[in-house]
Amino acid sequence: MKIESKNVNNTLVLILQEKRLDASQAVSLKDEISEYIKADNQNIAINLHTVEFVDSSSLGALVSCLKLMGSRGRLTLFGLNKPVISMFKLTRMDRVFTLCETEEQALEALEA
Amino acid sequence: MKIESKNVNNTLVLILQEKRLDASQAVSLKDEISEYIKADNQNIAINLHTVEFVDSSSLGALVSCLKLMGSRGRLTLFGLNKPVISMFKLTRMDRVFTLCETEEQALEALEA
Amino acid sequence: MNYTNLIISSRFENTRLAALCATEVASRSFNSEALNEIELSIVELVNNCIEHAYEESVNQQVSIEFKLFKDHLIIEVTDNGKALDPSILDNMNGSFDFDPDDLDNLPEGGFGLNIIKASMDEVKYERLNDKNHWLLTKFC
Amino acid sequence: MNYTNLIISSRFENTRLAALCATEVASRSFNSEALNEIELSIVELVNNCIEHAYEESVNQQVSIEFKLFKDHLIIEVTDNGKALDPSILDNMNGSFDFDPDDLDNLPEGGFGLNIIKASMDEVKYERLNDKNHWLLTKFC
Ligand SMILES: Nc1ncnc2c1ncn2[C@@H]1O[C@H](COP(=O)(O)OP(=O)(O)O)[C@@H](O)[C@H]1O
Ligand SMILES: Nc1ncnc2c1ncn2[C@@H]1O[C@H](COP(=O)(O)OP(=O)(O)O)[C@@H](O)[C@H]1O
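Residue numbers (our numbering), protein chains in the order written: chain S, 93 to 204; chain C, 93 to 204; chain D, 9 to 148; chain V, 9 to 148.
Bound conformation, chain S alone (with noise of 0.2 Å):
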């Protein structure tokens, strides 16, 4: 799974470099997330624009990550496309996450 990433002030940015989070990736996918919340990283803002399609064994993936980060910080998603997005609200978990538009959007949700 490649991800790239950057800090910006005090929110590290991951930028998501798949066409699709399907099965094959699920656990990558979830594996790395982790690994960049265990490492007390305690605002993350995933940057999801090179996504085309995600599957639900990829959603979960990142309600797991979601969960995992728990009180100890924050987390949110930027960037979805539209089949994305439909993802997330045909399964309700647009009510979970906190989805922004633009990275900017995000940082502003994150340091609030």
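Read the hints as simulated data drawn from the structure, not as lab findings. One or more hints might be untrue.
Unchecked claim - With a straight-line Cα cutoff of 27 Å, these simulated BS3-like cross-link-like pairs (lysine-lysine) come out:
1. S:K111 <-> V:K78
2. C:K159 <-> C:K181
3. S:K111 <-> S:K181
4. C:K130 <-> C:K174
5. D:K78 <-> D:K132
6. V:K125 <-> C:K111
7. D:K78 <-> C:K94
8. C:K111 <-> D:K75
9. D:K78 <-> C:K111
10. V:K139 <-> D:K75
11. V:K75 <-> V:K125
12. V:K125 <-> C:K174
13. V:K125 <-> S:K111
14. D:K139 <-> S:K181
15. V:K146 <-> V:K125
16. S:K181 <-> D:K146
17. S:K94 <-> C:K174
18. D:K90 <-> S:K181
19. V:K125 <-> V:K78
20. D:K78 <-> D:K90
21. S:K174 <-> C:K181
22. V:K125 <-> D:K75
23. D:K78 <-> S:K111
24. S:K174 <-> D:K146
25. C:K111 <-> S:K111
26. C:K94 <-> C:K159
This structure is a prediction, so every number in the text was calculated from the model and none was measured.
With chain S fixed as given, assemble chains C, D and V with the ligands onto it according to the hints.
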């Protein structure tokens, strides 16, 4: 087959809108460009920048158009993507067609 | 009717072959929202065959048939793996019930069949001759 | 080995399903230039089955099997149509000979088999049980 067109000086620029030129489109490709030639357009430049794939039936359709143009005028192609250039080179049709990179170069080649 | 049949080996990385064929076949009759629903359903279904019916044993086969009619698409998925308890499917109601504020208890799985039910117009399951047959229908 | 089998109906618009599967399967082992050669070969071959073996009668079937091994890909294409005269294939030498300056006599067809021969490492044709079998091999 979606084709946009515009006139630049004495040249008709045809902008193909297809991602693939294959056997399911070859006949309409040939027929539609032939119409433009028969309508007495003496300089025609075809923009292939959307096209990622050309099979031999569509290549044949373009050859047929070149032959129809004959001594009436001139036909150039420009904006060819890598796989399309490979197809022209493989079949040695790069020696037959005038292939340009940009619209500017195509217009220059026609007006020279 | 346009008929297509894809047979893949039971590995998660091959599910995208089914997705590609489904969207290419369906693109001739469905809008982009419906295409997303079809792609998602086929991926969830084939993932389930690999994960549950074959319990992730590789080199088993999953067959996916596409029949595109004037006003609907039928997708038939067949595997030779373990049977499903049909009551599981019957008890899925296509909705997603959980408390969004109860972080610790958020579901991390169990979405697949509900997604398929919510995305397709008809979902049928049959066990026949030691094979699992899934029949998905979507109207244009 | 990763095994995939695609069966399409004999219509030119379905050839791109074969192209999609070929490039998806092969993308795991080949670079982009080789992928183009594989895509082109499979499109030319399936077009030929539809045009020549089935003489454009629709609703016949073309089967395309992909076997991806560690260091090579085998593609086997099968149809139930008319036989090929094998000497046609033998006489193709993978080169394109014509006079580029003789506009009136430029070839508008007859490229297909030469393209396949030039793009793949091995091309074999067999007639077996009233079926045409094409075997294409490409090494990584
Ligand atoms: N193709 C299948 N074959 C056998 N059992 C299945 C199949 N699909 C689903 N199941 C059963 O139904 C349950 C619910 O499936 P699903 O809603 O897709 O969620 P998940 O796969 O995340 O468990 C699975 O846990 C499994 O027990
Ligand atoms: N799959 C096939 N089945 C039967 N005959 C074929 C097949 N492929 C090619 N042929 C024969 O070989 C000839 C050369 O084919 P090809 O090089 O692809 O050029 P084209 O298809 O443009 O004629 C065809 O005209 C046809 O007579």
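Hint check results:
Distance hint between K111 (chain S) and K78 (chain V) is fulfilled; the C-alpha atoms sit about 25 Å from each other, no more than 27 Å. Distance restraint check for K159 (chain C) and K181 (chain C): the Cα-Cα separation of roughly 19 Å lies within the 27 Å cut-off, and the hinted pair is therefore satisfied. Taking the CA atoms of K111 (chain S) and K181 (chain S), the gap is near 20 Å; set against the 27 Å cutoff, the hint holds. Among the hinted pairs, K130 (chain C) with K174 (chain C) is inconsistent with the structure: their alpha-carbon atoms are about 30 Å apart, more than 27 Å.
A C-alpha spacing of about 21 Å is found between K78 (chain D) and K132 (chain D), which places the hinted pair at or below 27 Å, so the restraint holds. Between the alpha carbons of K125 (chain V) and K111 (chain C) the distance comes to roughly 25 Å, so the proposed pair stays at or under 27 Å and holds. Using a Cα cut-off of 27 Å, the hinted pair K78 (chain D) and K94 (chain C) holds, with the two alpha carbons roughly 24 Å apart. Our distance criterion of 27 Å between C-alpha atoms is met by K111 (chain C) and K75 (chain D), whose separation comes to about 25 Å.
Using a Cα cut-off of 27 Å, the hinted pair K78 (chain D) and K111 (chain C) holds, with the two alpha carbons roughly 25 Å apart. The straight-line distance between the Cα atoms of K139 (chain V) and K75 (chain D) is roughly 24 Å, inside the 27 Å bound, and the hint therefore holds. As the CA atoms of K75 (chain V) and K125 (chain V) are separated by approximately 19 Å, the hinted pair is consistent with the 27 Å bound. Our distance criterion of 27 Å between C-alpha atoms is met by K125 (chain V) and K174 (chain C), whose separation comes to about 20 Å.
The straight-line distance between the Cα atoms of K125 (chain V) and K111 (chain S) is roughly 34 Å, outside the 27 Å bound, and the hint therefore fails. For the hint linking K139 (chain D) to K181 (chain S), the alpha-carbon distance of about 34 Å lies beyond 27 Å, and the restraint is violated. For a cut-off of 27 Å, the pair hint linking K146 (chain V) to K125 (chain V) stands: about 11 Å separates their Cα positions. Using a Cα cut-off of 27 Å, the hinted pair K181 (chain S) and K146 (chain D) holds, with the two alpha carbons roughly 20 Å apart.
Taken as a hint, the K94 (chain S) and K174 (chain C) pair is honoured in the structure, with Cα atoms around 26 Å apart against an allowance of 27 Å. A distance of roughly 32 Å separates the Cα atoms of K90 (chain D) and K181 (chain S); the hinted pair therefore is violated under the 27 Å criterion. Annotation: proposed proximity of K125 (chain V) to K78 (chain V) holds, straight-line Cα distance about 22 Å (limit 27 Å). Proximity of K78 (chain D) to K90 (chain D) is assessed by CA-CA distance (about 34 Å); at most 27 Å being required, the pair is judged violated.
For the given pair, K174 (chain S) sits about 40 Å from K181 (chain C) by alpha-carbon distance, which is inconsistent with the 27 Å threshold. For a cut-off of 27 Å, the pair hint linking K125 (chain V) to K75 (chain D) is broken: about 34 Å separates their Cα positions. Under the criterion of a C-alpha separation no larger than 27 Å, the hint pairing K78 (chain D) with K111 (chain S) is inconsistent with the structure, at around 32 Å. Distance check on the hinted pair: K174 (chain S) and K146 (chain D) sit about 21 Å apart at the alpha-carbon level, within 27 Å; holds.
Straight-line distance between C-alpha atoms of K111 (chain C) and K111 (chain S) comes to about 19 Å, which keeps the hinted pair within the 27 Å bound. Taking the CA atoms of K94 (chain C) and K159 (chain C), the gap is about 23 Å. The hint holds against a cut of 27 Å.
Figure legend: structure checked against the earlier numbered hints; hints not met, in rising order: 4, 13, 14, 18, 20, 21, 22, 23.
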